[in-house]
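**Q** Just so you know, the sequences run in chain order S and Y.
Number 59 in numbering that gives the first Met the number 0 belongs to position 60 of the first sequence; there are no gaps in the numbering.
Number 112 in numbering that gives the first Met the number 0 belongs to position 113 of the second sequence; there are no gaps in the numbering.
Hints are computed from structural coordinates only; laboratory data are not their basis.
Given the structure is predicted, the values throughout are model-derived calculations rather than measurements.
Even glycine gets a Cβ: it sits at the ideal position worked out from N, Cα and C.
Careful: at least some of the hints might be erroneous.
[Stated by the list, open to error] Covered by chain Y, per the in silico footprint, the following chain S stretches (three or more residues, Cβ under 8 Å):
1) 65-71
2) 128-141
3) 168-176
4) 218-228
[As the list claims (entries may be wrong)] Quick look at which bits of chain S chain Y covers, simulated, 3 or more residues with Cβ under 8 Å:
5) 181-187
6) 232-238
7) 246-256
The lines below spell out each chain.
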Amino acid sequence: MSDFEYLQKVTVGQYLPLGSWVHRRDPRVKLVGYALLILALTLTTHINGLLIGLAATFLLLLLSKTPWRYALRGLFTPLPFLLILAVLQLFITPHSISSLVVINIFGIEIFPEGILAGIRLLTRFCILVMLLTVSSATLSTLEIIHGLELLLKPLRLFGMQTGSAVMAVQITLRFIPFLAINAEKIAKAQASRGAEWGSRKGNLLKRVRQVFPLLIPLFTNSLQQAETLADAMLARGYAGNAKRTSMIEYQISIQDWMFFLLMVTISVFIILIK
Amino acid sequence: MKSFIQLDDVSFSYQENQDPNSTVLTNLSFSINEGEFVALIGQNGSGKSTLGKLLNALLIPDSGDVFIEGMNTRESANHPVIRSRVGMVFQRPQDQIVATIVAEDVAFGPGNLGLPSKEIRQRVDDALELTGLAACRDRPSYLLSAGETQRVALAGVLAMRPKCVIFDETTAILDSSGRDMVMSQAKVLNNNGITIIFITHLMEESVQAKRVLVLHQGQLVMDATPAEVFSSSSRIRSFGLDLPPAALAARSLKSYFPSLPDNILFEGELLNELPKYSGMSKLAEPNNRSEKVWEPCIEVEDLSHVYLRGTPLAHQALEKCNLKAGFGAASGLIGSTGSGKSTLLQHLNGLILPQSGKVNVLGHALNDPETDIKALRRLVGLAFQQPEDQIFEQYVGDEIAFAARNFAIPGKIADIVRSAMQAVGLDFETFKDRLTSTLSGGERRKVALASVLASQPQVLLLDEPLAGLDPLSRNEIIGHLEKLKKKGITLVISTHQFEDIVELMDKISVLDHGRDMAHGTPGQIFSNEKYLEEAGIKPPLVARIVNKLRKSGWPLPAEIVSIKDLETSLSSILSGAEG
Chain S
0 MSDFEYLQKV
10 TVGQYLPLGS
20 WVHRRDPRVK
30 LVGYALLILA
40 LTLTTHINGL
50 LIGLAATFLL
60 LLLSKTPWRY
70 ALRGLFTPLP
80 FLLILAVLQL
90 FITPHSISSL
100 VVINIFGIEI
110 FPEGILAGIR
120 LLTRFCILVM
130 LLTVSSATLS
140 TLEIIHGLEL
150 LLKPLRLFGM
160 QTGSAVMAVQ
170 ITLRFIPFLA
180 INAEKIAKAQ
190 ASRGAEWGSR
200 KGNLLKRVRQ
210 VFPLLIPLFT
220 NSLQQAETLA
230 DAMLARGYAG
240 NAKRTSMIEY
250 QISIQDWMFF
260 LLMVTISVFI
270 ILIK
Chain Y
0 MKSFIQLDDV
10 SFSYQENQDP
20 NSTVLTNLSF
30 SINEGEFVAL
40 IGQNGSGKST
50 LGKLLNALLI
60 PDSGDVFIEG
70 MNTRESANHP
80 VIRSRVGMVF
90 QRPQDQIVAT
100 IVAEDVAFGP
110 GNLGLPSKEI
120 RQRVDDALEL
130 TGLAACRDRP
140 SYLLSAGETQ
150 RVALAGVLAM
160 RPKCVIFDET
170 TAILDSSGRD
180 MVMSQAKVLN
190 NNGITIIFIT
200 HLMEESVQAK
210 RVLVLHQGQL
220 VMDATPAEVF
230 SSSSRIRSFG
240 LDLPPAALAA
250 RSLKSYFPSL
260 PDNILFEGEL
270 LNELPKYSGM
280 SKLAEPNNRS
290 EKVWEPCIEV
300 EDLSHVYLRG
310 TPLAHQALEK
320 CNLKAGFGAA
330 SGLIGSTGSG
340 KSTLLQHLNG
350 LILPQSGKVN
360 VLGHALNDPE
370 TDIKALRRLV
380 GLAFQQPEDQ
390 IFEQYVGDEI
400 AFAARNFAIP
410 GKIADIVRSA
420 MQAVGLDFET
430 FKDRLTSTLS
440 GGERRKVALA
450 SVLASQPQVL
460 LLDEPLAGLD
470 PLSRNEIIGH
480 LEKLKKKGIT
490 LVISTHQFED
500 IVELMDKISV
510 LDHGRDMAHG
520 TPGQIFSNEK
530 YLEEAGIKPP
540 LVARIVNKLR
550 KSGWPLPAEI
560 VSIKDLETSL
570 SSILSGAEG
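Let's have the full structure, built from the sequences with the hints guiding it.
**A** Here is the structure:
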């Protein structure tokens with residue numbers, strides 16, 4: 000695998016047009032369903048809740064036909080950070096007076112509570128990343144936009160500009176793959192002229208230091224592209240808060256309700272299980 | 000009746016930009032009627048794009064007025080209607096895509112018009128059909144090729160059913176078939192009554208229009224038919240432009256073929272008017288230029304590469320590709336967009352490591368994990384397709400110094416930067432403190448080239464070095480490359496704009512769908528027209544003239560790659576026939 004294929008490593012935010020049963024569900028039920036599941040997984044304190052969440056994520060992967068390898072690869076990029084967080088948990092988790100020291104490294108005592116907390120954190124975030132991968136694989140940007148638009152509609156009664164907020168979300172989503180592509184181009188340009196990118200040498204610290212010269216041009220490039228994009232949007236008649244219509248009309252079917260109920264049930268289980 | 004587009008004494012400057020080089024338009028007055036096909040030409044930085052943006056109210060003039068169907072662009076209440084009447088396709092395709100799925104992007108404009116869903120679906124289908132994108136409907140927009148993305152952008156504009164479409168250098172980064180496609184689509188639209196304004200750097204495109212506007216330093220210096228605009232070569236050159244290639248060739252050939260009519264503008268016209276050979280039939284002189292044998296510098300064997308390997312979006316870019324390039328030679332890589340040229344180039348300095356197959360450059364084996372890739376990159380410089388993607392520093396001086404610093408090139412940095420800038424004709428004092436964001440297209444290309452030369456490479460890889468340049472800058476860059484070649488630098492040039500640069504090349508390799516289809520001298524490669532057509536490549540004009548002449552019996556020797564070669568051969572044939 001090439002060191003420069005950032006797009007390949009970022010699976011969160013990428014839609015896969017696989018046309019599965021999950022893909023065909025109404026965006027509103029998907030949005031609310033995924034949101035509930037993510038919320039439940041974030042709130043649950045019990046390892047059993049996490050296990051149910053893991054099972055639900057696997058079920059979604061299966062139903063949505065998302066390839067396993069693809070979903071798992073998305074874990075590699077955040078894994079180092081997650082591991083650091085998990086290791087921190089070993090030391091900072093409070094323990095009861097009666098618990099026994101499992102390991103003693105140079106006077107630093109590690110207790111079972113710490114180990115459990117580390118495992119919980121690692122599982123929780125891995126499930127969340129996979130869940131985000133599968134939800135973005137099954138929700139196209141237009142679906143997110145339309146779903147949000149429809150869900151937020153009631154807020155207009157209170158005078159809120161939901162249209163602009165939703166457009167902001169759309170543009171942000173659209174920029175994710177382009178950021179990856181831009182980062183790849185800049186890193187390649189720097190590497191060709193002697194920066195350490197993509198060569199087989201260089202320790203972790205060196206690699207981290209390489210990121211800063213990348214970020215600044217990435218930022219300025221993106222700003223310039225955003226300017227052109229703004230022009231292109233205006234040229235195609237976008238006018239801020241004017242009412243927009245969409246290509247697709249949505250109607251919630253019985254199958255959509257089934258999906259919704261399934262997601263609600265799982266979420267409730269995750270939170271309540273002891 | 001009022002004209003469709005009318006400009007009354009329009010002036011414009013970018014106020015936030017204090018740079019004196021910023022584009023300024025002064026006192027423009029002209030009008031365009033409904034259904035016209037107008038080409039807008041001018042040097043890099045002459046104000047063409049700015050003018051385009053004034054026409055659909057993306058910019059408002061400082062003084063004077065722009066009227067679209069009688070509506071003043073000053074009134075913001077008119078903007079929605081004006082923008083639905085006058086659509087615009089921009090130069091960089093990826094910067095105008097709003098949604099991540101093709102059909103959704105096309106639906107963006109009609110959605111802004113507040114049309115009912117059924118109507119939007121109909122328009123999206125029609126626009127995709129018209130641009131030949133029906134099969135790409137549900138594809139992610141960021142994974143399309145440049146040509147496809149440009150067609151998506153056009154479809155997005157067409158879905159608004161505009162009365163006028165502005166093409167703002169839409170063809171600049173496309174290959175010849177992509178350019179032909181855009182041009183033929185513009186013609187179809189024009190036949191349906193849509194007004195076309197075609198902004199371009201390619202003179203051969205501008206002659207396809209019925210009317211040509213020439214901008215020079217922000218002023219409208221000519222407004223006439225193509226025949227009139229290109230009637231005087233000295234006048235058009237004074238605006239930093241040139242005659243279309245067919246006209247240039249016709250002028251050179253006129254002394255050998257007196258029957259050629261004056262003022263030929265089109266390639267087709269020239270090819271049809273070429274006379275039959277009437278002299279004694281004889282065999283073509285054998286080519287006495289013996290083929291030079293090069294010492295190998297780059298060897299690629301059975302190289303394959305798959306992007307996004309192992310994902311549902313995997314895409315095979317190279318398949319068992321081979322390439323050989325000699326020390327000090329200039330090798331060309333040609334092929335349509337998406338044929339794998341850029342991917343192959345990026346293997347040659349280790350930006351992409353071989354997935355399978357062998358790559359050897361300057362004795363470094365890139366398959367070997369022990370190879371010091373950084374050391375290789377110092378010797379093998381790569382200039383990218385779009386200089387915007389390559390320039391990442393704020394100041395020109397820093398940009399060019401980057402490689403020298405990183406590779407710790409011996410010597411004073413300032414001296415290295417100065418000599419790199421000299422090699423591409425940039426003045427050190429004027430440019431070292433210029434902001435990179437204020438450079439014009441031609442200058443940017445030169446800075447990008449200088450920044451690669453700063454590491455004093457032995458091999459220079461160039462990805463589309465001529466894209467988006469006006470004729471003057473194009474000739475300058477070719478001149479600088481010639482000088483580098485004379486210095487003994489090995490060049491590998493990937494391009495689909497080979498019209499002029501082909502004279503520089505010693506060898507050419509043709510890529511098609513990631514495979515190497517043929518290798519040979521320019522003369523060998525371009526004499527096989529039928530086969531090139533299959534690979535989607537249009538031979539350069541000189542080659543087409545030579546092929547046509549051969550078919551009409553002219554005993555032309557092999558290896559004619561420039562008009563000068565052709566003139567030499569013709570004069571020897573004609574004097575022989577007389578004598």
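**Q** Against this structure, judge whether each hint is valid.
**A** Tested hints:
Only when three residues or more bring their CB closer than 8 Å to a CB of chain Y does the claim for the stretch 65-71 of chain S stand; here the count is 3, and the claim holds. Check on the stretch 128-141 of chain S: 3 of its residues sit with their Cβ under 8 Å from a Cβ of chain Y, so the three-residue criterion for coverage holds. Residues of the stretch 168-176 of chain S with a Cβ under 8 Å from some Cβ of chain Y number 5, which satisfies the need for three, so the listed coverage holds. For a cut-off of 8 Å, the count of residues in the stretch 218-228 of chain S with a CB near a CB of chain Y stands at 6, and the three-residue condition holds.
Check on the stretch 181-187 of chain S: 4 of its residues sit with their Cβ under 8 Å from a Cβ of chain Y, so the three-residue criterion for coverage holds. With 7 residues bearing a CB less than 8 Å from a CB of chain Y, the stretch 232-238 of chain S meets the requirement of three and the coverage assertion stands. Taking a C-beta to C-beta cut-off of 8 Å, the stretch 246-256 of chain S contributes 3 residues in contact with chain Y, enough for the three needed, and the coverage statement holds.
Violation of the numbered hints given earlier is absent; every hint is satisfied by the structure.
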